[in-house]
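Please work from the sequences and hints to get the whole structure.
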Amino acid sequence: MSVFIRISFTFPRDYPQANHPGGTPQVDLERNPLISMKNRVYILRRLRALRERQRPCLEPCLRFLLFGDDET
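Each number in this note's numbering corresponds to the 1-based position in the sequence shown with 117 added.
Heads up, a few of these hints could be off.
What the hints assert, rightly or not - Pair ranges (Cβ atoms, derived): (1) 172 <-> 118: 28 to 34 Å; (2) 186 <-> 121: 31 to 37 Å; (3) 161 <-> 139: 18 to 24 Å; (4) 180 <-> 145: 18 to 24 Å; (5) 143 <-> 186: 20 to 26 Å; (6) 131 <-> 153: 34 to 40 Å.
These are computed hints drawn from the structure, not numbers from a lab. Since this is a predicted model, take the numbers as computed values, not measurements. Each residue gets a CB set at the ideal place from its N, CA and C atoms; glycine is no exception.
In structure tokens:
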């Protein structure tokens, strides 16, 4: 099943050189009635883990969102 989601990334000025937490991009996942709260929490947790441990993180985050693949 495909679902449209709107997600916004906000990158700190010193990204990607800065470490977590100051250099970690922020993510805003728009609420969608087709995504359960449980799934929304899962998505946000996986994205947080990717953003905290990888630099650069945009590609791994997008890969996870598109394919469910967050393996490095």
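A quick look at each hint next to the structure:
1. Look at residue 172 against residue 118: about 32 Å separates their beta carbons, and that is inside 28 to 34 Å.
2. A hinted range of 31 to 37 Å is violated for the C-beta pair residue 186 and residue 121, which are about 20 Å apart.
3. Checked against the given bound of 18 to 24 Å, the beta carbons of residue 161 and residue 139, roughly 20 Å apart, stay inside it.
4. The hint said 18 to 24 Å for the Cβ distance between residue 180 and residue 145, and at roughly 19 Å that hint holds.
5. Separated by about 22 Å at the C-beta atoms, residue 143 and residue 186 satisfy the suggested range of 20 to 26 Å.
6. Distance hint check: the CB atoms of residue 131 and residue 153 are about 36 Å apart, consistent with the given range 34 to 40 Å.
The earlier numbered hint that this structure contradicts is number 2, and it is the only one.
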